[in-house]
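K.L.:
Residue strings, one per chain:
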Amino acid sequence: MADRRGALVSAASDARVLFGAAVLLALIVAAAAAPLLAPHDPLEQDLLASFLPPAFQAGADPVFPLGTDSLGRDLLSRLIYGARVALTVALVAASLAALLGTALGLIAGYFGGWVDAVISRLVDVWMAFPPVLLSIVLVAIIGAGLHSVIIAIVIIDWTRFCRVVRAEVLVQREQDYVASAVTIGLGRWRILWHEILPNLLPLLLVLITLEMGIAIIVEAILSFVGLSVSSDQATWGGLIQEGRLYIHQAWWIMVLPMACIIVSVLGLNALGDGLRRTLDPVMRR
Amino acid sequence: MSAGYLLKRLLLAIPTLFGVLVVVFVLLRVVPGDPVTMMVGLTASEEDIARLRELYGFDKPIFTQFLIYLGDVLQGDLGVSITRKQEVLGLILGRLPVTLELSLFAMAVALLGGMMLGVLAVYRPGRGGELVADGFSGLGLAIPDFLWALMFILLFGVLIPLLPISGQIDPRLGFEPASGFYLFESLLIGEFAAFQSVLSHMVLPAVALAIPLAAIIARILKSSLQEVMTQDYILLARARGFSRLRIVLREALQNALIPTVTLSGVQFTFLVGGTVLIERIFSYPGLGNMAIEAVINRDIPLIQGIVLTFAVMFIALNLIIDSTYVLLNPRVRHG
Amino acid sequence: MTVAPTLAVASLRLDLGHTPILRGVDIDVMPGEVHGLVGESGAGKTMVGKAVLGIAPAGARIRSGSMTFLREDLIAMPERRRRDLLGRQIALIPQDPMTGLNPVLRIDRQMTDPLRLHLGLDRPAAAAKALDLLHQVRIREPERVLRQYPHELSGGMRQRVLIAMAFSCRPQLIVADEPTTALDVTVQRQILRLIKELQETAGTAILFITHDLGVVSKICDRVSVIHSGRILESAGVADLFDFPQHDYTRALMRATPRYDRPGDLLQPVPADLTARLIAEAEALDA
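Chains as they are written, first to last, in my numbering: chain A, 143 to 427; chain B, 145 to 479; chain C, 563 to 848.
Worth flagging that the hints you see were computed from the coordinates, not collected in a lab. Just so we're clear, the structure is a prediction, and the values are computed from it rather than from any experiment. A couple of the hints might just be wrong.
Stretches of chain B that chain A covers, calculated by requiring three or more beta carbons in the stretch to come under 8 Å of a beta carbon on chain A [said to hold, decoys possible]:
id	segment
1	154-160
2	360-371
Derived, one-sided and incomplete: chain C residues facing chain B with beta-carbon distance under 10 Å [as the list claims (entries may be wrong)]:
id	residue
3	612
4	635
5	637
6	638
7	640
8	641
9	647
10	652
11	654
12	658
13	661
14	666
15	712
16	727
17	803
Note that beta-carbon positions come from the ideal geometry of N, C-alpha and C, so glycine has one too.
Only chain A is shown next, with the shape it has when bound in the complex (with noise of 0.2 Å):
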């Protein structure tokens, strides 16, 4: 009975990786493919076409499947680009917060002292602050646009690898391995790079996969506040911000989104949690 439910417990937690991998290489696809996808142009306005349902609903019209928005823009067309923007962010956000985060976090954990007593306090005071709040303010600072999304998330969110890498390399460092080094006599940075990286890759991976979930709603926060990309760009916050005005006559165009950006986090936290369960007794080892 123990190993039935071991075996339900693996098999639900595979079928969640595989419903994560699903999301994340649709996601890839919508936006490696977005042009040839996308029935219509993203821009192109129809006035006379605008607010038209989804093709379920009484009153839509089959060019138009998911329905138009308010100046009859295509929406499933505004979607598969919208799709572009958010992997565009979350793949390259979540790289750099992890690259940033990792290598302050390696360096407090492994040489401690003073230099690690300076990096905690970094981050004590990079927690105080409310991320959303920093966010917007950031953007302000920097000025709106994709690049300045992406620098706002990475500035914010390194703190998350730094923590968790800090932490897993004070563990890995009184492992035995690590002393094994040390008396061949292996130099500092060697083993930090060769011995004890290698280790924390797998947490890594678990990490990055839910990052791309927060950057995910970070830039739909962005957006939504109208401070993401220029607004003539499709970008799912945007559409739910403009929904937002138009919630009594076409809720299609909040709710689209909205249910994209669900299923994608959805899909990336399974993925994580699924890769988190598969990876874990390798980094306990």
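Place chains B and C on chain A using the hints.
P.N.:
Below, chains B and C without anything else, positioned relative to chain A:
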């Protein structure tokens, strides 16, 4: 030990606070481009800009500027809002109670909901209770507060208009609390119509804020309860004939809350940070709403003041969470 | 005339998941008797204790056999009746005094809760009774100990508290699961003497689970030897030590340090004997 532990925490908060001041200062003075140009826009004349620079002390060396800023802040002078032409401190103090009340209410909802779900999952393992708790925490963790808020607006604003989706109180009531705390004061002085109105306006934003925290609490509490339930003293309690509910609530819960507080602590600050956007979405007249207005209007002294206020709230909240941890754990209290 | 055993376990078979843990265990614990259950780790001795108390881990399933307490069926017993018996008529002294007490509750709460539940005492009466119990287990300054948390007590003190708690409702049967294993040797001896003394005064029957034949010789009246979930031999304690019947019992005795025998003559249980016993036991699973 308990006093010593908290004192150490308190002392550690001082460099953090100093760091916060540096960041707030640097953020808005050493920005690319000129802060004054950023404030007045490109249409202002050279003379106006020069006059403003002098007025705000931007012509002095940066280090001197920081010392002046530091001195001002320590005296409680946060400057004057550019768009509202009022003391920033006064503006903030006017809005702070609104945000505090909303945050506290949301925290209470999250604690209650999260704990109930976590206990339910362990009290009825492998059955309906656990499935409900798992499903809820999975969704609650994946969907951020602002999307819940928008769903609530759709649900309650459009489909079933049961609860108000905008504002803080029905303005026709004309209720103006002297303390700024609408909910507490209306209850205290027996203005029940006002109380009801404030409460009904608070429910949706508070629940939206509470869901992610409740999900985290439910998940961590469940796993720490499961862990605690395998301990020898629980076995002993079972061997003493206590009922399962009693064991979960009286023997296990407090032990399980210790890791829960440690692990979900940072999430409480995220809840407070979340008010920025949630207040915006529900047109709730708190600090967060004012913050976004200030950003849109490029009102730098006001932005600085609000960011600083949030940082101080975060630090204070962390201290409170640390003391809760001490309260729950006798080993830290005496050890 | 024959006296009914306090606890009678007969042909008990129990699986954990699909793994057989107990393969037909027979033990009779007579009133007022300390019955040792001795075996190496993994032999299933702790599971016997847990099965008797009805606190076996999730996934454990009794396949066959019977367990009775004063002629009452422990397996078919309704949950309410079992909870009524546990703590009042049947008590447990757990293995590790460090983890046997709830770290966030004061000693008085942990001692008085079952007194109030099972004996229906009010708060002051339960507190007075707890104080009296601490006196009986010879704890110095019992008033102060009652107000303390577990982490403020030494291992020996905690085990004394746990013993006081086990005896508190004057149970008929106590399951003592390696109660001295986690303690150092001098404390161990005091604790054994204390258990024996309280047991003789109250006339309690004890199922004493241990891996240590040295402990068995000090406290038990009868002994059952368990291996791979089977009882290999059951005898009075003097008979067992003088005329061990089973190869395994003899091997176990050679592996146990004794004050009258130099330590360098200790021999581990031979691997081929262990292998033979496991093979015999697994033959019973089909």
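K.L.:
Against each hint, give a clear statement of whether it holds in the structure.
P.N.:
Okay, the hints, checked on the actual structure:
1. Remark: the segment 154-160 of chain B is confirmed as covered by chain A, as 3 of its residues place a Cβ nearer than 8 Å to a Cβ of that chain, reaching the required three.
2. Using a Cβ-Cβ cut-off of 8 Å, 0 residues of the segment 360-371 of chain B lie near chain A, which falls short of the minimum of three, so the contact claim is violated.
3. Restraint check, residue 612 of chain C versus chain B: the minimum CB separation of about 8 Å is within 10 Å; hint holds.
4. A least Cβ separation of about 17 Å between residue 635 of chain C and chain B goes past the 10 Å threshold, and the interface hint is therefore violated.
5. A hinted interface residue such as residue 637 of chain C counts as satisfied when its beta carbon comes closer than 10 Å to some beta carbon of chain B; here the least separation is about 17 Å, so the hint is violated.
6. Because the smallest distance between the Cβ of residue 638 of chain C and any Cβ of chain B comes to about 18 Å, over 10 Å, the interface hint for this residue is violated.
7. At about 13 Å, the closest approach between the beta carbon of residue 640 of chain C and any beta carbon in chain B exceeds 10 Å, and the interface hint on this residue is violated.
8. At a threshold of 10 Å, the smallest CB-CB gap from residue 641 of chain C to chain B is about 9 Å, leaving the interface hint in force.
9. With a least beta-carbon distance of about 7 Å to chain B, the hint placing residue 647 of chain C at the interface is held under the 10 Å criterion.
10. Interface restraint check for residue 652 of chain C: the shortest CB-CB distance to chain B comes to about 8 Å, inside 10 Å, so the restraint holds.
11. Below 10 Å, beta-carbon pairs count as interface contacts, and residue 654 of chain C has one with chain B at about 4 Å; its hint therefore holds.
12. Taking 10 Å as the C-beta contact cut-off toward chain B, the hint placing residue 658 of chain C at the interface holds, the least distance being around 6 Å.
13. Restraint check, residue 661 of chain C versus chain B: the minimum CB separation of about 4 Å is within 10 Å; hint holds.
14. A cut of 10 Å between beta carbons decides the hint on residue 666 of chain C: the least distance to chain B is about 5 Å, and the hint holds.
15. Restraint check, residue 712 of chain C versus chain B: the minimum CB separation of about 9 Å is within 10 Å; hint holds.
16. Taking 10 Å as the C-beta cut-off, the interface hint given for residue 727 of chain C holds, the closest approach to chain B being about 8 Å.
17. Of the supplied interface hints, the one on residue 803 of chain C is violated, with its beta-carbon coming no nearer than about 31 Å to a beta-carbon of chain B, more than 10 Å.
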